[in-house]
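A.B. asks: Residue numbers (my numbering), protein chains in the order written: chain Y, 1 to 191; chain X, 1 to 362; chain P, 1 to 285.
These aren't lab readings, by the way, just hints derived from the structure by calculation.
Be aware that one or more of the hints could be misleading.
Once the Cα atoms are required to be at most 27 Å apart in a straight line, the calculated DSS-like pairs of lysine-lysine come out as [what the hints assert, rightly or not]:
# : chain 1 : residue 1 : chain 2 : residue 2
1 : X       : 68        : X       : 331
2 : X       : 110       : X       : 261
3 : X       : 331       : P       : 170
4 : P       : 134       : P       : 170
5 : P       : 170       : P       : 143
6 : P       : 134       : X       : 331
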Amino acid sequence: MTALTPGFADPVLDAQAAFRAVLEAMSRPGRVQRAGAGLAPPAPLMPAAAAVLLALADSGTPLVHDGGEDADAWLRFHAGAPVSPTLAEAAFVLATGAPPALSALGTGTEEEPERGATLVVQVASLAEGDGWRLIGPGIEREHRLAVEGLPPGFVQAWTANRALFPRGVDVVLCAGEHLAALPRGITIAEG
Amino acid sequence: MYVAVKGGERAISAAHAWLDETRRGDPAVPELTVAQVEQQMPLAVDRVMAEGSCHDRFLAALAIKQAKGDLIEAAFLLRAYRTTLPRFGASAPLETGAMRLRRRISATYKDLPGGQVLGPTFDYTHRLLDFALAAEGTERATAPEADAPVPAVPRVTELLAREGLMQREDPGDGEPGDLTREPLAFPAARDVRLQNLARGDEGFVLALGYSTQRGYGGNHPFVGEIRVGHVAVEFTPPELGFPIEIGEIAVTECQMVNQFKGSRTEPPQFTRGYGLVFGHGERRAMAMALVDRALRSAELGEDVTAPAQDQEFVLYHSDNIEATGFVEHLKLPHYVDFQSELENLRTIRAALVRESLREAAE
Amino acid sequence: MNAPLEGYNFAYLDEATKRMLRRTILKAVAIPGHQIPFGAREMPLPYGWGTGGIQVTAAILGPADTLKVIDQGADDTTNAISIRRFFTRVAGVATTERTAEATIIQTRHRIPEAPLRENQVLVYQVPQPEPLSKLEPRRAETKRLHALADYGLMHVRLYEDIARLGHIAKAYDYPVMVGGRYLMSPSPIPAFDNPKMHRMAALQLFGAGREKRIYAIPPYTDVRSLDFEDHPFRPIRAPQDCALCGSRESYLDEVITDDRGGRLFVCSDTDYCGERVAARGAAAC
């Protein structure tokens, strides 16, 4: 195991900035935001994904991730989120590799849909203006989002997730220092 | 020409300066010290600690001074301070059986191990204004001291439980709920209900407890025991792994013994209504015990018909900081919504006038 | 930015509380119009005086923001001043009275007249988040009704108005359907303001401190005031012109000028009115 790299340089203001990036991403699905500039988390964690978890996860949010030992030590030290006993009970799921099936995550209940999990997925790249056509709350007409690095079948799985609304999983896609979000109410059509 | 009202900022500053001035009162009268409040108004301090949800006599006394003696305002000050404090964890349950007693009475047994200890009580005083207190500097009688301190004695309900006549409580597992961090959800578990009542408004809890005695959800209570005294607070720091005593606090505990007719799974037995509050607060602890028992109606299979048995009604309305805020917010400007009501009413009345004119013409 | 108050964290709340609020806000944005319970903290201002809005603002606010606070549409009402002072003290952020300059606008009872933009967030103070509360006081029951999207109670209530008075008598806190799914309280804004919520470019966040609920409307989301085909929703304003700027479109406050029935009407949105008066003054020069 390598020595721990630092977390946020300014835990208060950097967390606020990362949160605002996620809030903006959730509010305007498909628009690409920046987060985690200056963070140097251990591989395979990317700065944006690391910033999302540092800003939002803590001892009250069970976490599941596939990042391996170094990432685990870093997240434990800087975020302090406990390991979730099961995938379905995790508040946050981080996928640095192939993401788990959306249907395996917690989707909340009809009375408490907010208990649905947040899935943070690291992908190869994110770009506006091309690719998927997104419609739904937060989008005036249509947002285009090109995502490299998701497994085939994701859009189909998303459609099933969308059908659960108001239950469902919310997704934050991260690539390097970029992120974009797919809140559960968004409809994706492939470009 | 009309000019819109301005100068709110200056008005606020001036109002607060005036508030400070009225707090001090006549400067010819010596200023009240926080130590005087703490020492000579101990029951006000206790109430503010209970409703302020924070055991700190000095801060409670300071809050009372700052609030000009308005105890709800003082509790609010203490709560607002409390939320800024870091939280280290939950203490071990208090062992009230090991209480260093100042007062201990039972209404169910004439005599019992440890005996009846009256302690410093208003009970049996004749409520005659004592004009001697108006003369300052008079020497007051000192109370005679017992040869030995009151020993730790078993709780009355424990004696009944050993006989199998008192329902045992489920100690539960893990940390109790904490409504200062999690919002209420229904049905609320007993730990959260008790927390809510322990910091609830004394007047509200008292009135509800009283209502159960008058037939609104009553269950024939007996005071098994009231005990007032000091108990040790223990905490297990994660890095140590064993409990250490971090201090001692004064509390009042009341255990009410109530009938229970029994159910298909349980034989007839006594059930407990429980009250535990910071400081010396018998009225609060007793009322709390009555309401606790009333709130257990649903789980004991009794009909839920009275206000004191209604969880949402009791728990949502017991908090006087919430209540006073919302009642008093009505004095904030509401002229925007009032204006829409005005226009609405004018429209409706104009339509009615048109209607009646049309009818008259026909 | 001024130095924030010594001894307190930036924006008053501790970081764990902010994370809890932020997680709640994000879920609220993902489920438009759905009320989410949260562990509201005791704030140094009373419940019912904007503690929900203050907690939401404290959770999102950063040093790059410019904050505007209005009550009844005005920046200089005493509670608006008090809340603005609070954030100046605990966060040291820039404040403004100009709607166009603000990135965060915390409001009680109004939506500004000028259309809001994409880089703005509107934070509402909400006294009673449950639109069904007057019809069903039990939260366990209203929670079930929202889960079932069963809003028959509200339709019946509005229809009773029509049967009795000829039209819907609700003049403020007029219920809306958000994204075609959740019945939502817009907070006690006049019904006049309801149409501004529909497909607004800015994010709208709602905080109810005493009732411990947060909810949200993402930008460009459908917000429909409940109505009936034969009785469509009608926003009401006083039929006068503003005595200061002459506006015939803005929402007006009625001011009593003497005890002989004298009254006049002025814009409730003081910034909107001031801008118009200034523009007129500039044109006259």
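A.B. asks: Does each hint fit the structure? Answer for all of them.
C.D. replies: Right, here's what the structure says about each hint:
1. As the CA atoms of residue 68 of chain X and residue 331 of chain X are separated by approximately 21 Å, the hinted pair is consistent with the 27 Å bound.
2. At roughly 25 Å between alpha-carbon atoms, residue 110 of chain X and residue 261 of chain X fall within 27 Å of each other, so this suggested pair holds.
3. In summary, the hint linking residue 331 of chain X to residue 170 of chain P is supported, as the alpha carbons are separated by about 22 Å, within the 27 Å threshold.
4. Note on residue 134 of chain P and residue 170 of chain P: the hinted pairing holds, with a Cα-Cα distance of about 12 Å set against a maximum of 27 Å.
5. Of the pairs offered as hints, the one joining residue 170 of chain P and residue 143 of chain P holds, with about 23 Å between alpha carbons and a cut-off of 27 Å not exceeded.
6. Distance restraint check for residue 134 of chain P and residue 331 of chain X: the Cα-Cα separation of roughly 21 Å lies within the 27 Å cut-off, and the hinted pair is therefore satisfied.
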